[in-house]
Amino acid sequence: NVRKSIHTLQSNAKKDPNKKYILLVDDLTYITKTLTYILENEYFEVHSAKCGIDALALFQKIVPDIVITDIKLPDFNGFDLASFIRQMDSGVPIIFISALEIDSEKYALLQGEKAYLQKPIIKEALFETLNKLLTSAES
Numbered sequence: 001n002v003r004k005s006i007h008t009l010q011s012n013a014k015k016d017p018n019k020k021y022i023l024l025v026d027d028l029t030y031i032t033k034t035l036t037y038i039l040e041n042e043y044f045e046v047h048s049a050k051c052g053i054d055a056l057a058l059f060q061k062i063v064p065d066i067v068i069t070d071i072k073l074p075d076f077n078g079f080d081l082a083s084f085i086r087q088m089d090s091g092v093p094i095i096f097i098s099a100l101e102i103d104s105e106k107y108a109l110l111q112g113e114k115a116y117l118q119k120p121i122i123k124e125a126l127f128e129t130l131n132k133l134l135t136s137a138e139s
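Per the numbering used here, residue 1 is the first one in the sequence shown, and the count goes up by one each step.
Check the hints yourself; a few may be wrong.
What the hints assert, rightly or not - List of simulated lysine-lysine pairs, PhoX-like, C-alpha gap at most 20 angstroms:
(1) K72 / K33
(2) K119 / K33
(3) K61 / K14
(4) K132 / K72
(5) K33 / K19
(6) K15 / K61
(7) K19 / K123
(8) K14 / K50
(9) K33 / K14
(10) K50 / K33
(11) K119 / K72
(12) K50 / K132
(13) K119 / K19
(14) K61 / K19
(15) K33 / K114
(16) K61 / K50
Claimed, not checked - FRET-style restraints, in silico, Cβ to Cβ:
(17) K132 / A99: 20 to 26 angstroms
(18) K114 / M88: 26 to 32 angstroms
(19) K119 / K14: 30 to 36 angstroms
(20) K132 / K19: 24 to 30 angstroms
(21) A99 / E124: 15 to 21 angstroms
These are calculated hints, taken from the structure and not from any lab test. Cβ coordinates follow ideal geometry from the N, Cα and C atoms, glycine included.
Based on the provided sequences and hints, a complete structural model is requested.
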C-alpha cells in the first residue's frame, strides 16, 4: 500500500521541465528494467507498463513526451496501442521495439510512425532515435 501511495503521489506531482518523460511498454520485466536504468541515467523519467490497457491509463496520467512500445503485447499489439494513443494525442512520437524481423519496420513506417528498433536494442541507436524524434517534435 505504501508503494501504491508513493506511485500515486509521483504521478500527481508536477512535471520537471528539465526532464523528458517516457512511457515504456513491454511485458518482459528484464527489458523494462534494463531500458529504465539506461534512460534514467541520461535524465529521462521512465514510466513503464506491461500491457496496452495499463499503458493507456498511464499515458493519460503522465502525458509522456515519447512512447516506446513493444509490438507484441499480451492484450493487443503495439500498432493497436499506437492507434489508441493517436486518438488521445496525435503528435506524441512513438518508437516501436521488437525482436521481429525487418517486416515490422516497414509496417511501422506504413502506419505513419517514424521509428523502429530491433531487439536487442543498441544503446547508441536508442539515444540517436530519441534525440531525432524529440527534436522534431519540439520544432
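Against the structure, the hints come out as follows:
A hinted pair counts as satisfied when its Cα atoms are at most 20 angstroms apart, and K72 with K33 qualifies at roughly 18 angstroms. For a cut-off of 20 angstroms, the pair hint linking K119 to K33 stands: about 14 angstroms separates their Cα positions. Of the supplied pair hints, the one linking K61 and K14 holds, its CA atoms being roughly 11 angstroms apart against a limit of 20 angstroms. Only pairs whose Cα atoms come within 20 angstroms are accepted, and K132 paired with K72 is rejected, the gap being roughly 24 angstroms.
The hinted pair formed by K33 and K19 meets the criterion: a straight-line CA distance of about 19 angstroms does not exceed 20 angstroms. Proposed proximity of K15 and K61 is supported: the alpha carbons are some 11 angstroms apart, at most 20 angstroms. Between K19 and K123 the CA atoms are separated by roughly 19 angstroms; this keeps the pair inside 20 angstroms, and the hint holds. Taking the CA atoms of K14 and K50, the gap is near 24 angstroms; set against the 20 angstroms cutoff, the hint is violated.
Distance hint between K33 and K14 is unfulfilled; the C-alpha atoms sit about 24 angstroms from each other, more than 20 angstroms. At roughly 11 angstroms between alpha-carbon atoms, K50 and K33 fall within 20 angstroms of each other, so this suggested pair holds. With a C-alpha separation of about 12 angstroms, the suggested pairing of K119 with K72 holds against the 20 angstroms cut-off. Distance check on the hinted pair: K50 and K132 sit about 26 angstroms apart at the alpha-carbon level, beyond 20 angstroms; violated.
Only pairs whose Cα atoms come within 20 angstroms are accepted, and K119 paired with K19 is rejected, the gap being roughly 25 angstroms. At most 20 angstroms may separate the alpha-carbon atoms for a hinted pair to count; K61 and K19 meet this at roughly 16 angstroms. For the proposed pair K33 and K114, the alpha carbon gap of about 24 angstroms is over 20 angstroms, so the pair is violated. With a C-alpha separation of about 16 angstroms, the suggested pair K61 and K50 falls inside the 20 angstroms cut-off, and the hint holds.
At about 22 angstroms, the beta-carbon gap between K132 and A99 stays in the expected band of 20 to 26 angstroms. Checked against the hint of 26 to 32 angstroms, the pair K114 and M88 fails, with Cβ atoms roughly 18 angstroms apart. Take K119 and K14: their Cβ atoms lie about 34 angstroms apart, and the range 30 to 36 angstroms holds. Taking the beta carbon of each, K132 and K19 are about 18 angstroms apart, not inside 24 to 30 angstroms as hinted.
Between A99 and E124 the beta carbons are some 19 angstroms apart, a value that agrees with the proposed interval 15 to 21 angstroms.
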